[in-house]
Amino acid sequence: MKIKIHKTYMIVLLMLLLPAFFEACNTGSDHSTSALNSRDDDQVTELEKIRSRGKLIVVADYNSTNYFIYRGQPMGYQYQMLQELADYLDLRLEVRVSHDLEQSFMALNHGDIDLIAMNLTVTADRKKRVDFTYPHSQTRQVLVQKMPDNYKKLNPLQVEDSLIRNQLDLAGKSVHVQKGSVFAERLKTLSNEIGAEINIIEVPIEAEQLVHMVARGEIEYTVSDENVALVNKSYYPVLDVQTAISFPQNLAWALRKGSDELKDEINSWLVDFRKTSRYAVIYNKYYKNHLSVNIVSSDYYVLGSGKISRFDDVVKRESERIGWDWRLVSSMIYQESRFNPNAISWAGAFGLMQLMPATAGRFGVSRKSSPESQIRAGVSFIKWLDKRFQDEIIDPNERAKFVLAAYNVGKGHVDDARRLAEKYGDDPDVWDDSVEKWLLNKSEPQYFRDPVVKYGYARGIETTNYVVQVLDRYEHYRNIVDEELLANNQSIP
1 MKIKIHKTYM IVLLMLLLPA FFEACNTGSD HSTSALNSRD DDQVTELEKI RSRGKLIVVA
61 DYNSTNYFIY RGQPMGYQYQ MLQELADYLD LRLEVRVSHD LEQSFMALNH GDIDLIAMNL
121 TVTADRKKRV DFTYPHSQTR QVLVQKMPDN YKKLNPLQVE DSLIRNQLDL AGKSVHVQKG
181 SVFAERLKTL SNEIGAEINI IEVPIEAEQL VHMVARGEIE YTVSDENVAL VNKSYYPVLD
241 VQTAISFPQN LAWALRKGSD ELKDEINSWL VDFRKTSRYA VIYNKYYKNH LSVNIVSSDY
301 YVLGSGKISR FDDVVKRESE RIGWDWRLVS SMIYQESRFN PNAISWAGAF GLMQLMPATA
361 GRFGVSRKSS PESQIRAGVS FIKWLDKRFQ DEIIDPNERA KFVLAAYNVG KGHVDDARRL
421 AEKYGDDPDV WDDSVEKWLL NKSEPQYFRD PVVKYGYARG IETTNYVVQV LDRYEHYRNI
481 VDEELLANNQ SIP
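Mapping the sequence shown onto our numbering, position 404 (from 1) lands on 404, and the numbers just tick up by one.
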């Protein structure tokens, strides 16, 4: 027998049940959103902490393959791989620099960083201290030595006779290697295997710099990963890198033990990414590109020249005049013009610092002015803006964000965003997640028509991106363009 339910009864029943249903849904939603806050710290996974923070913090070493600055832009195999990973995880990337492996392992295990992103050889001893991701590449260790100065005039047999080809011949030789590296461990094992002493000299210098020192004749031997050694041989033909001292080994990134969810997420991405043409392009770009020798020999290659651009001396002098870090001003100039003094925008801004004609005239320059005059005028404009925020925003680092924004969009629009922030209960003296947010809102009618807004519509997304990109690049410049670090990498202390 079929039971018929009257439509009116069904409607009444639904009206009685729906409030309870929505209350249950809301309760479940509240529970899930507060779950992270209510759990103990040791219950929150590394990946959850990173997502809550919004950025992935990694440590890398800077050299001609992994991470460097060229023509004002951060580049390198590790850097591009990390940027791909950060994009996949929808996180910002923060790169820190260290050539001290032991210090990096300590920073990882103390929770100061999330990942060591270097060509780390996976060994049994290291696996006791850290977890490793799926390998991002493979290589083997090779002895790096210099051919005779007159090798071009010698026949091949004479050249071979002057080089170490048999590992037994390393007995009694002095080999410089990076302190705490697997190269030192391999040489210790090899010394035991051949039953003779190898004089292993561990120094706090990055492995590639030691390769350069062999090429310059400052030391006799070092050990390097073969892929890095082959790249450097293209820079220094006098090097020989044919003598292997290990079998092929996996290279991977290191994570803190217990970071299982983060490791699984990275591995899932890495396994798939290594099969793509994009990965092949990145790997070949840095390890198999014959044009890379042109990068290293260029004045725009920071590790070799110590320069960001050909305008460094002027930028340093003018930045010192206003108390700003010259590397931050350099990052602005790159963002504005890519260091092109003849650049002209669609809106009429011109020169290295892309001043609009009215602003340029106020500071005494025109399109015909020299690059030096353009930089002086741009820095004077920065000083003018900084002075106008000085009384309200005391912290100079915080104030710099407001100055960058005002340089890009105009002080009036930034002042509007500050007034909106204050009206709606946010701090008008803080940029991140406060004034930044209200500048973005100035593209919405309900906000750019607000009575406290005096300058109307603004395309805030361009300015907020400008601030982020200038500051991110500045951090890369700080990582690599460090006179003290560059000096320390050129010689053995």
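Everything labelled a hint here was simulated from the structure, so no lab data went into it.
Note that the Cβ used here is the ideal one computed from N, Cα and C, for glycine as well.
Some clues are possibly wrong.
As the list claims (entries may be wrong) - Label pairs and their computed distance ranges (CB to CB):
| # | residue 1 | residue 2 | range |
| --- | --- | --- | --- |
| 1 | R92 | K288 | 28 to 36 Å |
| 2 | D312 | Y424 | 37 to 45 Å |
| 3 | K387 | R51 | 17 to 25 Å |
| 4 | S443 | G348 | 16 to 24 Å |
| 5 | D112 | D260 | 16 to 24 Å |
| 6 | R165 | N109 | 39 to 47 Å |
| 7 | D112 | D87 | 40 to 48 Å |
| 8 | Q73 | I461 | 18 to 26 Å |
| 9 | D125 | R216 | 27 to 35 Å |
| 10 | E372 | R459 | 26 to 34 Å |
| 11 | D313 | R92 | 52 to 60 Å |
| 12 | G364 | D90 | 15 to 23 Å |
| 13 | P156 | G195 | 43 to 51 Å |
Each hint, compared with the structure:
| no. | hint | in the structure |
| --- | --- | --- |
| 1 | R92 - K288: 28 to 36 Å | holds, 30 Å |
| 2 | D312 - Y424: 37 to 45 Å | holds, 43 Å |
| 3 | K387 - R51: 17 to 25 Å | violated, 39 Å |
| 4 | S443 - G348: 16 to 24 Å | holds, 22 Å |
| 5 | D112 - D260: 16 to 24 Å | holds, 20 Å |
| 6 | R165 - N109: 39 to 47 Å | holds, 40 Å |
| 7 | D112 - D87: 40 to 48 Å | violated, 23 Å |
| 8 | Q73 - I461: 18 to 26 Å | holds, 22 Å |
| 9 | D125 - R216: 27 to 35 Å | holds, 33 Å |
| 10 | E372 - R459: 26 to 34 Å | holds, 32 Å |
| 11 | D313 - R92: 52 to 60 Å | violated, 32 Å |
| 12 | G364 - D90: 15 to 23 Å | violated, 46 Å |
| 13 | P156 - G195: 43 to 51 Å | violated, 31 Å |
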